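Please construct the entire structure, taking both the sequences and the accompanying hints into account.
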Amino acid sequence: MMIDARSLADGESITADLCIVGAGAAGIALANELADAPFRTVLLESGGLTLEPETQRLNEGTSSGLDYFPLVGARLRYFGGTTNHWGGTCRPFDEADLRGTEGVPDTAWPITLSDLAPYYDEAGRIAQLDSSEWDVDTWAGRSRFGPLPLDPEAIETRVALIVDPTRRSFNTVYADEIADAPRVTTYLNANVVDVRLSDDHATVRDLVVATPGRTFTVTARRFVLAAGGIENPRILLASNRQQPNGVGNGEGLVGRYFLEHPRFIGGIIEPLGEAVSFSFYEQHLVEGSRVLGYLALAEGLRESEGLVDVQMRLFPILTGPHERARRSAEVEALRRLVEGVRGGSGRGNLADDAGRVLDDLTSWRRLLVPGGGLPVPQPDLVRIIAEASPEQLDALLPEFFGDIAVFGYGEVSGSPPVERIEISTRIDQAPNPDSRVTLGTERDEFGMPRPNLDWRLSPIDRESVDRALQVLGQELGRTGIGRLRVRLSEGEGWPSDLEGGYHHMGTTRMSADPKRGVVDADCRVHGVSNLYVAGSSTFTTGGSATPTLTLIALALRLADHLRAEIG
Amino acid sequence: MTMPGPISRRSLLKLAGTIAFSVVAVGYRHQPAYQGLVAGRLRALLPHGAAAAALGTAYLAQVPSEASRDRLVAALIGSQPGRAAYDLGQRRLAAHLDRRIRSDFAEGRTLSLHGWIVSVTEGRLAALVAIG
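Residue numbers (the working numbering), protein chains in the order written: chain A, 85 to 651; chain B, 1064 to 1195.
Since the hints were made in silico from the structure, they are not lab data. Owing to the predicted nature of the structure, the values given are computational and were not obtained by experimental measurement. Certain hints may be false.
[Said to hold, decoys possible] Computed, partial: chain B to chain A, Cβ under 10 Å:
#1 Val-1126
#2 Glu-1129
#3 Asp-1133
#4 Asp-1161
#5 Ile-1164
#6 Ala-1169
#7 Ser-1175
#8 His-1177
#9 Gly-1178
#10 Trp-1179
#11 Glu-1185
Every residue, glycine too, gets a C-beta built ideally from N, C-alpha and C.
Structure below.
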């Protein structure tokens, strides 16, 4: 059942066994998993079923550290949460992610891969992945492309799987299912503004929830905050009527250790010679799965040198007509059409797109004698094309064969000519206590202090990128594949294109030690026995992979725990 | 992305690619001043002189102790005497250097010149052009 909280009476009190705050990937995975449990679950969502600007403005906040995306758009406040603009990239964490790195403080998780592994396959199904295979060699064996012949002791290739764009939104996939779950009640437009504790502060008594014009309370046996890496600490910090530093913040750790996956163009590869295909490192379909290869500094080397994980995505820039074709309006129109046919949202105007595609696909007719009964080529045009220099051909190819044909040739041949490859470096940034979310001075319409993000990195982050690029450069030289040019010089600051991946992590970090983390290995807030946190804010480190699959796996693990606790 | 700097990508490719794939044939001549002649042949591997010189200048700024033609030639040719090196011919000289370059990369004998990660051998070759 779904209820618009704006229809509730002011001061109403709701009772449940479990209350989940936030209907994003973690909250929905949790509610979905517990839908068949013999207890009542309440799911509170700040927004509605669609994006509403007024609600979205509740996301406003400030930044005082490294440049960051405006907070208002860096997450989405409606059912499905940030999955509504998710890129769909998935890969599980590996053992090394959870083990941490010696010499890099605060990187060891209190759980191991064996705690998470049983949940990854189900997490993949919830995320709508078509496969749970992560082995590079297996994918290479099935794919028409292969990884670069680099020494795996120096640079390793990994694969990520990409969820089909039409199935990424948890709103699209799960709204009906959650609404139909008999023991799950979802309240939309319900904003938690206070976590109230028992007199001894050892448990949560209830939540105060605001909706325009009224407030109500939710009482439950267990509470889970699943509102994201910025909202989770914000709610805990703002709940400061009984404890001045906020709930669960006895050690002052709530909001600290904000992690991102910082990325920027770290360099370029100039290929030498021919016959080296980089296509494995572009998103490509293999037996129905979208596979994406990427490079990383090898685990052994990274650990021996005390570095953080650095991933390197390759973005081939093709020569002349191929690059233009790939970015052309015609190819984009074809993409939209395909998306529409496959049941996607169908952005843009279908008729315009169809017209553009048809026109492009029939552009070869310009080569023929006009008005002829048979398709007879115009000799002059054939001669012009045959005698054209490579530079002239750049312009002639799309003119007479169309961008879609040029693009299609590159895709089918699997080896469109590469001019250079841009390397996007992405860092598993080292935990930094000074990188943090705090309460700002402004308040939202419900009187909640808006968040301030002070995102910071550490010298080891930069050293790790420099080293990864150096090792990659050496490997490319050793194998004769090419030469690498590093973009930043030593001592130079972070580049202007440094940005995050919309991954908000670490702000209620997991540690067995209450002095080093906000939640324990069960995701329970230290010192508050019935309060849990779900989502990437519990991550001890950002990890070598994108966070969504792991935060879903953690939510499923928490579901098992709650099922046993609540009974 | 643009990366300003005195060494263009094309020049770098010439530097790396020419060494690896050079097939230029140079006739045999008896000359006693082998060091100078071999230096000339080595320079001839880098037809884009200005770009190579810029790279070489950067190399010498990092390794000023090698700012000598004879020292660079000796380092590039290794243990081979001048006459033998000259007798190699351009193709085999290029092949010899290509092996050294790959070996440099394999052994980590690399350095960064204007951002390019190049082998020490490539740096020395460019330095030879730089000192004229």
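How the hints compare with the structure:
no. : hint     : in the structure
1   : Val-1126 : violated, 16 Å
2   : Glu-1129 : violated, 20 Å
3   : Asp-1133 : violated, 27 Å
4   : Asp-1161 : holds, 8 Å
5   : Ile-1164 : holds, 7 Å
6   : Ala-1169 : holds, 5 Å
7   : Ser-1175 : holds, 6 Å
8   : His-1177 : holds, 8 Å
9   : Gly-1178 : holds, 5 Å
10  : Trp-1179 : holds, 5 Å
11  : Glu-1185 : holds, 9 Å
Violated hints, in rising order: 1, 2 and 3; the structure is consistent with all others.
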